[in-house]
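Generate coordinates for the entire structure from the input sequences, incorporating the hints supplied.
The residues making up each chain are set out below.
There are 2 protein chains.
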Amino acid sequence: MTLETELITTIFNGLSFTLEERKLLTRSFEKLHLPKHSLLLKAGEAVYEQYYVAEGCLRTYYIAPDGKEHTVQFAITDWWISDYTAFFNSSNALMHIECIQDATLYKISKNDMEQLYHHMPKLESYFRKKMERAFASFQKRIIANLSQTASERYLNFINTYPNIEQNVKNYHIASYLGITTQSLSRIRKELVQG
Amino acid sequence: MTLETELITTIFNGLSFTLEERKLLTRSFEKLHLPKHSLLLKAGEAVYEQYYVAEGCLRTYYIAPDGKEHTVQFAITDWWISDYTAFFNSSNALMHIECIQDATLYKISKNDMEQLYHHMPKLESYFRKKMERAFASFQKRIIANLSQTASERYLNFINTYPNIEQNVKNYHIASYLGITTQSLSRIRKELVQG
DNA sequence: ATAGTTTCTTACCATAGGTCAATTTTTTTC
DNA sequence: GAAAAAAATTGACCTATGGTAAGAAACTAT
Chain A
-11 MTLETELITT IFNGLSFTLE ERKLLTRSFE KLHLPKHSLL LKAGEAVYEQ
39 YYVAEGCLRT YYIAPDGKEH TVQFAITDWW ISDYTAFFNS SNALMHIECI
89 QDATLYKISK NDMEQLYHHM PKLESYFRKK MERAFASFQK RIIANLSQTA
139 SERYLNFINT YPNIEQNVKN YHIASYLGIT TQSLSRIRKE LVQG
Chain B
-11 MTLETELITT IFNGLSFTLE ERKLLTRSFE KLHLPKHSLL LKAGEAVYEQ
39 YYVAEGCLRT YYIAPDGKEH TVQFAITDWW ISDYTAFFNS SNALMHIECI
89 QDATLYKISK NDMEQLYHHM PKLESYFRKK MERAFASFQK RIIANLSQTA
139 SERYLNFINT YPNIEQNVKN YHIASYLGIT TQSLSRIRKE LVQG
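Chains A and B are the protein sequences, given in the same order.
Numbers -11 to 182, taken from our numbering, label the letters of the first sequence in order.
Numbers -11 to 182, taken from our numbering, label the letters of the second sequence in order.
Among the hints, a few may not be true.
[Claimed, not checked] Subject to a maximum C-alpha distance of 27 Å in a straight line, what follows is the list of computed BS3-like cross-link-like pairs (lysine-lysine): (1) LYS11/B to LYS110/A; (2) LYS118/B to LYS118/A; (3) LYS117/A to LYS30/B; (4) LYS98/B to LYS118/A; (5) LYS118/A to LYS128/B; (6) LYS117/B to LYS117/A; (7) LYS30/A to LYS157/A; (8) LYS30/A to LYS128/B; (9) LYS98/A to LYS128/B; (10) LYS128/B to LYS56/A; (11) LYS56/B to LYS128/A; (12) LYS128/B to LYS95/A; (13) LYS30/A to LYS117/B; (14) LYS98/B to LYS110/A; (15) LYS98/B to LYS117/A; (16) LYS98/B to LYS128/A; (17) LYS95/A to LYS118/B; (18) LYS110/B to LYS110/A; (19) LYS95/A to LYS110/B; (20) LYS128/A to LYS95/B.
[To be verified] According to the in silico footprint, chain A covers these stretches of chain B (three or more CB under 8 Å from chain A): (21) 56 to 63; (22) 73 to 81; (23) 108 to 114; (24) 126 to 134.
Worth flagging that the hints you see were computed from the coordinates, not collected in a lab.
All C-beta atoms, glycine included, are put in the ideal place defined by N, C-alpha and C.
As structure tokens, this is what we get:
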């Protein structure tokens, strides 16, 4: 599949473009492959790009001053990933992005993004709606962290993201849920035994 | 101050509008006053509007199945508030919005919002950026919840939102931090004594 | 001001989840 | 497919925070 076809049929599936617009789109994105275990981004680096995940699995994580890792976001097929706080502010990353399963990504720079917004308001609309959904899901997660037990959050996670669960290690899940791997292990045992 | 002047000079401060656009803007917003202790929104209700806070203080909170309250968001002057998950999806509220200090609000419906976006792409841009900042701050909060102790989160809160702290009760802050009022009380004691 | 209500604090015990260390299981690599 | 490395589990113990209950302090309204 050509980059152009992929862009039109998968990433912006649902939107229609003129020939001119297709060219602009294709020029703005770049395809890349990333092997498992590699780092797409390190804390401290400038963040100029965001990435669309066509294939594979990645995670964004923060390393606290005490050295502990906290997974902020996973991304699988059809999700976008970056250190968005840094991306939006054109500042340096606070987080790392690690490839968990061999991935194919389409990257676009913030500058090209702004160009696209300018030429195609429908893209601004597309990304605003994407932001709205992300906002809603973050809010849901905050509520979950405030109101649920670790066990409830785990069940919720594997029900909501069965496709992610298959791709990641338990310690990734634990660091996403805000518990230790030992606690997660005990929770899983508990659930099996009833 | 007229509604129009207020809209132009405070809410959308920084943007410039034609006469036509000003009219459209003014028609879309409605001013309202809300007394302390009243509910702007109850869980279960349909959410058609979002609100700009010109004056006062409000909070959005979720009541968990066990009856406990969890504060998701505060809003003071120049913030927007709604049950955004419900607002974006045109679904029913999961949360309550309570007025904590007598408030003056400007409300706008989702429909009128869409109209404005359509006629003025710069507004879509304005709100996309607003969403980006909200996204970043939610992410920051998730990281804080995952990586910090209750005491650290409290210090962080009073440093980051000194203007909010003045307006709210300790139990509001506790429910925002995800701890009990007793724990917050112990933390405050600890901080005073050293 | 005084009574009533709401909010905050304190004390004591309970518990979810963390820590450390050892062991088993699974995955990777040659 | 054997050895090495990584991940998951388990047990014993610990700690931060929760639950309950009572009293103190701070507002509110007459």
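Cross-check of the supplied hints:
no.: 1; hint: LYS11/B to LYS110/A; result: 24 Å, holds
no.: 2; hint: LYS118/B to LYS118/A; result: 13 Å, holds
no.: 3; hint: LYS117/A to LYS30/B; result: 25 Å, holds
no.: 4; hint: LYS98/B to LYS118/A; result: 16 Å, holds
no.: 5; hint: LYS118/A to LYS128/B; result: 19 Å, holds
no.: 6; hint: LYS117/B to LYS117/A; result: 12 Å, holds
no.: 7; hint: LYS30/A to LYS157/A; result: 20 Å, holds
no.: 8; hint: LYS30/A to LYS128/B; result: 17 Å, holds
no.: 9; hint: LYS98/A to LYS128/B; result: 21 Å, holds
no.: 10; hint: LYS128/B to LYS56/A; result: 16 Å, holds
no.: 11; hint: LYS56/B to LYS128/A; result: 16 Å, holds
no.: 12; hint: LYS128/B to LYS95/A; result: 24 Å, holds
no.: 13; hint: LYS30/A to LYS117/B; result: 25 Å, holds
no.: 14; hint: LYS98/B to LYS110/A; result: 18 Å, holds
no.: 15; hint: LYS98/B to LYS117/A; result: 13 Å, holds
no.: 16; hint: LYS98/B to LYS128/A; result: 21 Å, holds
no.: 17; hint: LYS95/A to LYS118/B; result: 23 Å, holds
no.: 18; hint: LYS110/B to LYS110/A; result: 12 Å, holds
no.: 19; hint: LYS95/A to LYS110/B; result: 25 Å, holds
no.: 20; hint: LYS128/A to LYS95/B; result: 24 Å, holds
no.: 21; hint: 56 to 63; result: holds (count 3)
no.: 22; hint: 73 to 81; result: holds (count 3)
no.: 23; hint: 108 to 114; result: holds (count 3)
no.: 24; hint: 126 to 134; result: holds (count 8)
The structure shown violates none of the earlier numbered hints.
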